[in-house]
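There are 2 protein chains.
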Amino acid sequence: MLVSRISAQLRPLLLHSFRGIHASHSAAAAWKIGNLNHVAIACPDLEKATSLYRDILGAKVSEKQALHDHGVYVVFVQLGEAKIELLHPLGDKSPIQKFLQRNKNGGVHHICIEVDNIEAAMKDLKSKNIGLLSEKSKIGAHGKPVVFLNPKDCNGVLVEVEEK
Amino acid sequence: MLVSRISAQLRPLLLHSFRGIHASHSAAAAWKIGNLNHVAIACPDLEKATSLYRDILGAKVSEKQALHDHGVYVVFVQLGEAKIELLHPLGDKSPIQKFLQRNKNGGVHHICIEVDNIEAAMKDLKSKNIGLLSEKSKIGAHGKPVVFLNPKDCNGVLVEVEEK
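Chains P and C, in that order, are what the protein sequence lines are.
Under our numbering, the very last position in the first sequence is 476; numbers go up by exactly one each time.
Under our numbering, the very last position in the second sequence is 476; numbers go up by exactly one each time.
Only chain P is shown next, with the shape it has when bound in the complex:
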């Protein structure tokens, strides 16, 4: 569709019409995808990052929390239904340490999408050749089971799947 031929006034309507939607999951599907839960940003300076979202952008921001089991400090930024999670390494074996060595200024570490049944989703995704980074789900930062998908199968993006 040549959007450039269409007047600027009409574009927003067209862009959000979702014409030709094809959801492959029938009513009988064993699991369903949900909301975008969060975007996780690895930050070299967590206080500065928190100040950006709280003091400059004026967002609702949680206190800093130490998630020892996950090797990160985290600050939650609520932006409507979805969140930004600001992450900073905690301990010597933090899973985001290498990422920050490669990305000195920080960057998007992963995105998280909700599903209603993680076991069914994992089985289905495996059967469709989407790599999982662990055989079993683990309890994530929100106290719910999570699993990570291989970025090579997801357009270079580390995708966390969380049961809601």
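Hints in this document: simulated from the structure, not taken from any laboratory.
Quick caveat, the model's predicted, so the values are computed rather than measured.
Please note that a few of the clues may not be correct.
Each pair may be met inside one copy or between any two copies, as identical chains are not told apart.
Stated by the list, open to error - Heads up, simulated BS3-like pairs for lysine-lysine below, C-alpha to C-alpha not over 30 Å straight-line: (1) Lys-405 x Lys-344; (2) Lys-376 x Lys-456; (3) Lys-448 x Lys-410; (4) Lys-476 x Lys-344; (5) Lys-440 x Lys-405; (6) Lys-416 x Lys-476; (7) Lys-448 x Lys-372; (8) Lys-376 x Lys-405.
We have chain P; now place chain C onto it with these hints.
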């Protein structure tokens, strides 16, 4: 707070309590931050990326649209209030061409946050030393004014601000 000392059952409640919220914007603030609008993912293979979200993950996915003014093809993936936007270069001067040269498998190109008044937000952000990548806002892919913030001032993340 030492989350590890607290029982697993209590963690989800604590993590989302947003205790100690400090929003610096008073009722008199000239602009307000809104929702996380989208996460934009640059994709080397748009058909494959679309198939992942539509056929494998079962999300609501729009048709492919050619945004000539922006130098991208785009597919919108609706995930609750927020969207993923799958981007692929259109034309020789596409703004995501270099990104894909650096990130062969693709990756998160930018995130987009809504504001209620982009002119007021731009003036305020500039006064607080957050760099804007253009002097004026432009009409973005949704037909609304947008501006990009300097990733150096945003934890290495390219942040698009869109008036809602």
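Verification of the hints:
no., hint, result
1, Lys-405 x Lys-344, "neither (34 Å within a copy, 38 Å between copies)"
2, Lys-376 x Lys-456, "within (20 Å within a copy, 34 Å between copies)"
3, Lys-448 x Lys-410, "within (23 Å within a copy, 37 Å between copies)"
4, Lys-476 x Lys-344, "both (11 Å within a copy, 29 Å between copies)"
5, Lys-440 x Lys-405, "neither (32 Å within a copy, 35 Å between copies)"
6, Lys-416 x Lys-476, "neither (33 Å within a copy, 32 Å between copies)"
7, Lys-448 x Lys-372, "between (33 Å within a copy, 27 Å between copies)"
8, Lys-376 x Lys-405, "within (19 Å within a copy, 42 Å between copies)"
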